[in-house]
Amino acid sequence: MSPVITLRDLSFEWPDGTVALDHLNGSLNAGRTGLVGRNGAGKSTLLRLVAGLLRPTSGAVVTAGEVGYLPQTLTLQSGTTIADLLGVRDVVDAIDAIERGDTDPRHFETIGEDWDIEARADELLDQIGFGARDLGRRVAELSGGEARLIAVTGMRIRRTPITLLDEPTNNLDRPTRARLAQFVDQWPGTLVVVSHDLELLEHVDHTAELRGGELSTFGGPYSAWREHVAQEQAAAQQAARSAQQALKVERRQRAEAETKLARRERTARRTQKDGGIPRILAGNRASKAQNAAGSLRSTLDEKVLAAQAAADSAGARVRRDEHISLVLPDPAVPRGRRLLELDQDGRTTVVQGPERVALVGPNGAGKSTLLDHLVHGRPPAPGGPSGRLLTDRFGFLPQRLDGLDDEVDAVANVRRAAAGVPDGTIRNQLGRLLLRGSSVDRAVGSLSGGERFRVALATLLLADPPSDLLILDEPTNNLDLSSVAQLTEALAAYRGALLVVSHDHLFLESLGLDQVLVLDAAGRLDRRATLPDR
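Residue numbers (UniProt numbering): 1 to 534.
Worth flagging that the hints you see were computed from the coordinates, not collected in a lab.
Please note that a few of the clues may not be correct.
[Unchecked claim] The calculated SDA-like cross-link candidates involving lysine to any residue, where the alpha carbons are at most 20 Å apart (straight line), are: (1) K248 / A230; (2) K260 / K303; (3) K248 / S298; (4) K303 / Q245; (5) K303 / V318; (6) K248 / A236; (7) K248 / V304; (8) K303 / V249; (9) K303 / A257; (10) K248 / E302; (11) K248 / T299; (12) K260 / V249.
With these hints in hand, go ahead and build the complete structure from the sequences.
Shown next as structure tokens:
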């Protein structure tokens, strides 16, 4: 099968000289491919190179057709419409102009073969609860999940031979994720999707991993790939143990041989000193013994070196993943202290220290609107709950991570929330969040989604004075599976209260929830002891 995307000795450096990809070779075939790898491995950078949005420092990307690309973060201005989000506004505007009598040739060039764009848009939008009548509607009226699904629909409308989707399930509720999975099943042409959604990754034909600057591919979905990796790792670990044992044996034999040689040399010297044999004969024997000892040492040294090389080679095949390990300031929130109140129809729901509280509900129910009301004082949704914060020591992590200054580095961003903390301490804590080296010194705008998230998380967790309450809106967006586990570790070390909005029930369950708040499609808030059925 001929590859659809080919990477030839591909390298890319950021303007500050940071190497993102170094002499990468590989290829992706037709069909649906899930691209996986740790945050910072270069997945998003690779997609942007394939899409032509970045130019390689050296090497080349060869594609068998036009490429469409949906990024992790949607850039949504206040005036953005659904037609803009779909990527069809220019064509729709050109058709409207011609229908009004404007026959400028540029309009016909813009339309090309897309005279049926509104009909196609209406058909596909209808599948997600919208229609052509909504093309002029402002995106600001939509939830994050609705905007994401419409953007994916835009990729379907455009019908490029190759489509790249970067974290398409961000902000999507479970029913909408299931609908997106159906889209993936029916996707025409070649699809490459970067995602941490395990269920979506079961709908691909191939799994490709970007790790350690190398691209490897496997014929099967994520679960089959994980089983393959587990088997490989079991064999690699056994081989590494065997190689280490063989190295110990060779080193012991080398040490034992050295002891025997030293004993022989002492015996020979005593014999020569006592005069038991002629001096000439003793000298010949000593010379032969030295030659034999040198030959034996050389042979044994070669065996030790060979065993060391085998151990190093076997050890290199074993995956070693780092984990977050934070030392966090203690906000000392008394148990039972009221931190947040939510009101609806005379009923009050209280969040108190140091509770773990989940806020869940379908896309469009108003979860993010409620958080904006609490944090920024904006009006609550009509008919929905209202509320108030009872502490001024709180941290807020929005869906779009738009609270960061993209022009400065991670240390400068954290310093805004921890002005009295020395830079060395900030760097040490960022290192515990696995942000170190060039990632700390680069402008935040050039970091991967997962790295940006860690900077945003650091501004909350390392704030001075520490926050009594953290409010997190979809915190697992853009995080690889290992990073989600590491986020759980970081939050487990935090001794304040948590209010978390997420569609990731596995993540929520790992937090050890004290209560669950369910906001339904009608804007009704209900308190439960456990998460609703998924």
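Right, here's what the structure says about each hint:
1. K248 / A230: Roughly 27 Å separates the two Cα atoms, so the pair is violated.
2. K260 / K303: Holds, at roughly 18 Å.
3. K248 / S298: holds, 18 Å
4. K303 / Q245: OK: K303 and Q245 at ~13 Å, within 20 Å.
5. K303 / V318: Violated, at about 23 Å.
6. K248 / A236: holds, 18 Å
7. K248 / V304: holds, 9 Å
8. K303 / V249: holds, 10 Å
9. K303 / A257: holds, 13 Å
10. K248 / E302: holds, 14 Å
11. K248 / T299: It holds: about 16 Å lies between the C-alpha atoms, which stays within 20 Å.
12. K260 / V249: holds, 16 Å
The structure does not agree with the numbered hints 1, 5 stated previously, though it agrees with the rest.
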